[in-house]
Amino acid sequence: MLNTLAQAFALISTWEVIIAMFAASVYGLVIGSLPGLSATMATALLVPVTFYLSPIAAIATIVAASTMAIFSGDIPGALLRIPGTPASAAYADEAYAMTRKGEAELALGAGVWFSAVGGIAGTLSLMILAPPLAEIALSFSTFEYFWLAFLGLMCATLVARSSPVKAIAAMFIGLLVACIGIENPGGVPRFTFGMTDLFGGIEPIPALVGVFAVAQVMRAMLTPEPPPIPRRKFGSIMAGQWRLTKKYHVQMTRGNIIGIIIGVLPGAGADMAAWVSYAMSKRFSKEPEKFGTGHVEGLVEAGASNNASIASGWVPSLLFGIPGDTIAAIAIGVLYMKGLNPGPTLFTEKASSMYAIYLMFIIANIIMIPLGIIMIRLASYVLRAPRSSVMPVIMLCCAVGSFAIGNNMFGVVTVATFGIIGYVMEENGYPVAAMVLGIVMGTMIEQSFVTSLIKSDGSVFPFFERPIAAILAAMAIGALIWPVLVWIWRRLRREAPTAASAR
Amino acid sequence: MRLPDRVTGLFLVGLGAAAAYGGWQLPPVPGQPVGPNVFPLVIGTGLALCGLAIAFGIGHSFEEEEELIPVEGGGQPAPPTGKFYGLRALLPPALLLFYVAVADRLGFIITAGLIVFVTSTALGARWKLSLPLAVLAPIGVHLIFSKLLRVPLPAGLLPMPW
Numbered sequence: 003m004l005n006t007l008a009q010a011f012a013l014i015s016t017w018e019v020i021i022a023m024f025a026a027s028v029y030g031l032v033i034g035s036l037p038g039l040s041a042t043m044a045t046a047l048l049v050p051v052t053f054y055l056s057p058i059a060a061i062a063t064i065v066a067a068s069t070m071a072i073f074s075g076d077i078p079g080a081l082l083r084i085p086g087t088p089a090s091a092a093y094a095d096e097a098y099a100m101t102r103k104g105e106a107e108l109a110l111g112a113g114v115w116f117s118a119v120g121g122i123a124g125t126l127s128l129m130i131l132a133p134p135l136a137e138i139a140l141s142f143s144t145f146e147y148f149w150l151a152f153l154g155l156m157c158a159t160l161v162a163r164s165s166p167v168k169a170i171a172a173m174f175i176g177l178l179v180a181c182i183g184i185e186n187p188g189g190v191p192r193f194t195f196g197m198t199d200l201f202g203g204i205e206p207i208p209a210l211v212g213v214f215a216v217a218q219v220m221r222a223m224l225t226p227e228p229p230p231i232p233r234r235k236f237g238s239i240m241a242g243q244w245r246l247t248k249k250y251h252v253q254m255t256r257g258n259i260i261g262i263i264i265g266v267l268p269g270a271g272a273d274m275a276a277w278v279s280y281a282m283s284k285r286f287s288k289e290p291e292k293f294g295t296g297h298v299e300g301l302v303e304a305g306a307s308n309n310a311s312i313a314s315g316w317v318p319s320l321l322f323g324i325p326g327d328t329i330a331a332i333a334i335g336v337l338y339m340k341g342l343n344p345g346p347t348l349f350t351e352k353a354s355s356m357y358a359i360y361l362m363f364i365i366a367n368i369i370m371i372p373l374g375i376i377m378i379r380l381a382s383y384v385l386r387a388p389r390s391s392v393m394p395v396i397m398l399c400c401a402v403g404s405f406a407i408g409n410n411m412f413g414v415v416t417v418a419t420f421g422i423i424g425y426v427m428e429e430n431g432y433p434v435a436a437m438v439l440g441i442v443m444g445t446m447i448e449q450s451f452v453t454s455l456i457k458s459d460g461s462v463f464p465f466f467e468r469p470i471a472a473i474l475a476a477m478a479i480g481a482l483i484w485p486v487l488v489w490i491w492r493r494l495r496r497e498a499p500t501a502a503s504a505r
Numbered sequence: 100m101r102l103p104d105r106v107t108g109l110f111l112v113g114l115g116a117a118a119a120y121g122g123w124q125l126p127p128v129p130g131q132p133v134g135p136n137v138f139p140l141v142i143g144t145g146l147a148l149c150g151l152a153i154a155f156g157i158g159h160s161f162e163e164e165e166e167l168i169p170v171e172g173g174g175q176p177a178p179p180t181g182k183f184y185g186l187r188a189l190l191p192p193a194l195l196l197f198y199v200a201v202a203d204r205l206g207f208i209i210t211a212g213l214i215v216f217v218t219s220t221a222l223g224a225r226w227k228l229s230l231p232l233a234v235l236a237p238i239g240v241h242l243i244f245s246k247l248l249r250v251p252l253p254a255g256l257l258p259m260p261w
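One line per chain: the protein sequences are A and B, in this order.
Numbered according to the numbering used here, the first sequence terminates at residue 505, and the numbering increases by one at each position without gaps.
Numbered according to the numbering used here, the second sequence terminates at residue 261, and the numbering increases by one at each position without gaps.
Pulled out of the complex, with its shape left as it was, chain A reads as follows:
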């Protein structure tokens, strides 16, 4: 183990990795802080760059950029009441209320400090959870993989803040997209309509760039520009954070744990973690009446939570190729490209690379503190960049980046198409994250499904015969009928008061 750790250190202490990590950190901080540019978009636009890096440096850029962007979204949330990334939306009101009370330093300091703590807690969970799970996963057959993938997809639809029916529909659309191409059990061209460009299937990365970046530029076309940030001088940012840590250590730990759990659940990412943790903090607080008036407690818990989910989202990604959130979905694409195919054997055969990932997460969360403080102080300059100068550059990166993935113009067509699909879906309440998951997992779920069916000779019973498969199946089916139960419960509860008032 010490030997592997030493190897991991050797892997990450090259100039390439160090420069890549630093540059990606700065990039993540800037993109995350600009309203309308999300952490997922920052990561998606990085992918073309990672082609030209060594595997470890490529992962380093993704780890650093996503970690920084999730924190950095707090900055405009606190200063402008406009969250920089969806993950900061849960507590943007609270942070802005603190700024108006003259406590901007405390709010932003809590953002950077508890984000770093949360990120490290998430990394620890990755280190502790992943290897034993890998041991179990080694004995999985296609039946277990099928149910696991199915469960992952169901989780993604459960946690969507939208109608579960629409989420399931979005997931099916994603799976349908994954059907395109000749990579199927029969090796026949499927849904290619005779276009040779479609034979290879739809690449997930251009689809992701379209859904998260182009759709965002499209939305910017119709929404008014956010107001410029007022110039302000900041006092000490880290002052008082240690006091907060001691005062709210229960909240912080709870936030970390919730973040880790939500991160591990497929499809649910940092934004969900922040919403749940903020609500939880208010629910269990001794002074819930202070929430919404600029009270730091919720910020501590939610800030600790959303960054914890980033690292733990890598657990299912590395083990099964099932993305824990949309950022991990991109990471999976990069892992495949770099020959680090996700799977339980990754932890035995490429152990040093895994340790390198842990180390990079820890380093990213530590350097986030100084870089984050610099970013906060520079925020009033960075946030002054008008949208009309940022969005055109994003457009160019979409065009060039999607071209670079296969040196093929068809990638650009894919990006444009998925921009439209993503925009229309989001406008109509279809969660795009569920579709993304469908696209990323489609091939895997089809393979495990069809192989299982061939093994069982078309019978359904072997799907439930192995013990772990049966448990996973029960959970997956439970996830499927859960919304129905909630709906019935809500109906009953709504009818009870109306009946009472009628009397």
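Any given hint might turn out to be false.
Label-pair ranges, simulated between beta-carbon atoms [what the hints assert, rightly or not]:
#1 B:117 / A:6: 45 to 53 Å
#2 B:230 / A:255: 18 to 26 Å
#3 A:483 / B:151: 13 to 21 Å
If you're looking for bench data, these hints aren't it; they were derived computationally from the structure.
Nothing here was measured: the structure is a model prediction, and the numbers come from that model.
Backbone N, C-alpha and C fix where the C-beta goes; we use that ideal spot for every residue, glycine too.
Since the structure of chain A is provided, determine the placement of chain B on it from the hints.
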């Protein structure tokens, strides 16, 4: 672009049915009960069922209306609403397709400059900002992607000296 649930639902029914039919038409692998046709059949059927449910408004009660955060201080200019205002959203994908169509002939720098200029102007920039941006941004992107990352960007009419 907010469509009624009935429209999107029925569209999904059509899409699902088409997928199921298309999957069903695929040739099976000889001597094997399941082939490439099973999965699209399952997905298509599921999608069509979801579409039906959406069209009938099932699950609508779960949707949360998006909260609009009002900006403090100073009235926000109301977004202009015209018949064609909504079509502005289609500008970014249209520009990307424009890139696909002409980049090989005009070259990266010129095409990219046009894209930047149009996007920037559409987002309300004056020419004092959008013109220099249209010159500098393509050169910068070209420098990074073509020089550093060796992406073969089309040279076209205006090749770069590096």
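Return the numbers of the hints above that this structure violates; sort them in rising order. Violated hint (a single one): 2; every other hint is consistent with the structure.
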